[in-house]
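Colleague: Read top to bottom, the protein sequences are chains B and W.
The end of the first sequence is residue 116 by this note's numbering, with every number in the run present.
The end of the second sequence is residue 1117 by this note's numbering, with every number in the run present.
Just so you know, the hints here were simulated from the structure itself, not pulled from any lab data.
The reader is advised that the hints may include incorrect statements.
[As the list claims (entries may be wrong)] In the BS3-like style, the derived pairs of lysine-lysine whose C-alpha atoms are separated by at most 25 angstroms in a straight line are:
#1 B:LYS3 <-> W:LYS1057
#2 B:LYS115 <-> B:LYS16
#3 B:LYS70 <-> B:LYS3
#4 B:LYS38 <-> B:LYS70
#5 B:LYS16 <-> B:LYS38
#6 W:LYS1011 <-> B:LYS38
[To be verified] Which residues of chain B face chain W? A partial, calculated answer using Cβ under 7 angstroms:
#7 GLY43
#8 PHE47
#9 GLY101
#10 GLY107
[To be verified] Quick list of the computed label-pair ranges, beta carbon to beta carbon:
#11 B:THR78 <-> W:THR1013: 37 to 45 angstroms
#12 W:LYS1014 <-> B:THR72: 42 to 50 angstroms
#13 B:GLY108 <-> W:PHE1074: 39 to 47 angstroms
#14 B:GLU56 <-> W:GLY1016: 46 to 54 angstroms
#15 W:ARG1059 <-> B:THR72: 25 to 33 angstroms
#16 B:ASP18 <-> W:ARG1059: 34 to 42 angstroms
#17 B:THR9 <-> W:HIS1010: 42 to 50 angstroms
#18 B:ILE60 <-> W:THR1020: 42 to 50 angstroms
#19 B:THR5 <-> W:ARG1059: 19 to 27 angstroms
#20 B:ALA1 <-> W:HIS1010: 31 to 39 angstroms
#21 W:THR1013 <-> B:PHE47: 24 to 32 angstroms
Computed from a prediction, not measured in an experiment: that's the story for all the values here.
For every residue, glycine included, the Cβ atom is placed at its ideal position computed from N, Cα and C.
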Amino acid sequence: AQKVTQAQTEISVVEKEDVTLDCVYETRDTTYYLFWYKQPPSGELVFLIRRNSFDEQNEISGRYSWNFQKSTSSFNFTITASQVVDSAVYFCALSESTNAGNMLTFGGGTRLMVKP
Amino acid sequence: DTGVSQDPRHKITKRGQNVTFRCDPISEHNRLYWYRQTLGQGPEFLTYFQNEAQLEKSRLLSDRFSAERPKGSFSTLEIQRTEQGDSAMYLCASSPRSGQGGLETQYFGPGTRLLVL
Chain B
1 AQKVTQAQTE ISVVEKEDVT LDCVYETRDT TYYLFWYKQP PSGELVFLIR
51 RNSFDEQNEI SGRYSWNFQK STSSFNFTIT ASQVVDSAVY FCALSESTNA
101 GNMLTFGGGT RLMVKP
Chain W
1001 DTGVSQDPRH KITKRGQNVT FRCDPISEHN RLYWYRQTLG QGPEFLTYFQ
1051 NEAQLEKSRL LSDRFSAERP KGSFSTLEIQ RTEQGDSAMY LCASSPRSGQ
1101 GGLETQYFGP GTRLLVL
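All chains should be built: construct the whole structure from the sequences, respecting the hints.
Modeller: Printed below as a string of structure tokens:
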């Protein structure tokens, strides 16, 4: 069965610090997809990134970067020079290719608080 | 292109009452998903539709829950005889049909927050 673990329930940093959010997953499939979503206080889940299991190339988008390592089943998310607006709950999610509906399995989320 | 919309955004009801939520997906997205999120937890899958067909239901979806997508556009989620344990955020998401060899991203609505007293 698929499972996603986000061991950090809450992280607090001061603005401009770098912060890494950890995500570890379990799956028996060789083909799967990993996601990160952001949930601000308004409640809406905002899509950030999607990765398939065959693409281990790290990605950078502005202040955001993602490190995907199949060897450790991890898909970590780093925010560089954090800002107050980054304060939110961040979710890592997994979808297996054998799952016909492509439904997502989410981790428990990491609440990030960025203080001015 | 407007995003996924959900109505109402908030609902307070008394135990035993029936409630119905609506979701309007992004136009031309043929897949629609319902998730439930309780406080401090990640969303959990409830059910999904491809066009008007309900193709998968989670064991979380008890007999008191029913979902429909009659014309393959908007969807409704009804909870009958609500219980306090039904209090949660109900999230709807939509995605286009998966392309060959791929998977399409799910885009979420703002959710309906239900409180059962």
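Colleague: Each hint needs a verdict: does it hold in this structure or not?
Modeller: Each hint tested on the structure:
A distance of roughly 18 angstroms separates the Cα atoms of LYS3 (chain B) and LYS1057 (chain W); the hinted pair therefore holds under the 25 angstroms criterion. Restraint check for LYS115 (chain B) and LYS16 (chain B): satisfied, since their Cα atoms lie roughly 9 angstroms apart, inside the 25 angstroms limit. Taking the CA atoms of LYS70 (chain B) and LYS3 (chain B), the gap is about 15 angstroms. The hint holds against a cut of 25 angstroms. Pair hint LYS38 (chain B) plus LYS70 (chain B) holds up; C-alpha atoms about 23 angstroms apart against a cutoff of 25 angstroms.
Restraint check: the Cα-Cα separation between LYS16 (chain B) and LYS38 (chain B) comes to about 19 angstroms, which is no more than 25 angstroms; the hinted pair holds. For the given pair, LYS1011 (chain W) sits about 24 angstroms from LYS38 (chain B) by alpha-carbon distance, which is consistent with the 25 angstroms threshold. Hint on GLY43 (chain B) holds. Least Cβ distance to chain W is approximately 5 angstroms, under the 7 angstroms limit. About 6 angstroms separates the beta-carbon of PHE47 (chain B) from the nearest beta-carbon of chain W, less than 7 angstroms, and the hint is met.
A cut of 7 angstroms between beta carbons decides the hint on GLY101 (chain B): the least distance to chain W is about 4 angstroms, and the hint holds. At a threshold of 7 angstroms, the smallest CB-CB gap from GLY107 (chain B) to chain W is about 6 angstroms, leaving the interface hint in force. Taken as a hint, the range 37 to 45 angstroms holds for the pair THR78 (chain B) and THR1013 (chain W), whose Cβ atoms sit roughly 42 angstroms apart. Checked against the hint of 42 to 50 angstroms, the C-beta distance between LYS1014 (chain W) and THR72 (chain B) comes to roughly 49 angstroms, which is consistent with it.
Between GLY108 (chain B) and PHE1074 (chain W) the beta carbon distance is about 30 angstroms. The supplied range of 39 to 47 angstroms is therefore violated. At about 52 angstroms, the CB distance of GLU56 (chain B) to GLY1016 (chain W) agrees with the hint of 46 to 54 angstroms. The beta-carbon spacing between ARG1059 (chain W) and THR72 (chain B), approximately 31 angstroms, falls within the hinted interval of 25 to 33 angstroms. For the pair ASP18 (chain B) and ARG1059 (chain W), the beta carbons lie near 41 angstroms from each other, so the given range of 34 to 42 angstroms is met.
Judged by the Cβ atoms, the range 42 to 50 angstroms given for THR9 (chain B) and HIS1010 (chain W) is violated: they are separated by roughly 26 angstroms. Look at ILE60 (chain B) against THR1020 (chain W): about 44 angstroms separates their beta carbons, and that is inside 42 to 50 angstroms. The supplied range of 19 to 27 angstroms is met by THR5 (chain B) and ARG1059 (chain W), whose beta-carbon atoms lie about 21 angstroms from each other. Distance hint check: the CB atoms of ALA1 (chain B) and HIS1010 (chain W) are about 34 angstroms apart, consistent with the given range 31 to 39 angstroms.
The hinted window of 24 to 32 angstroms between THR1013 (chain W) and PHE47 (chain B) holds, with their beta carbons roughly 31 angstroms apart.
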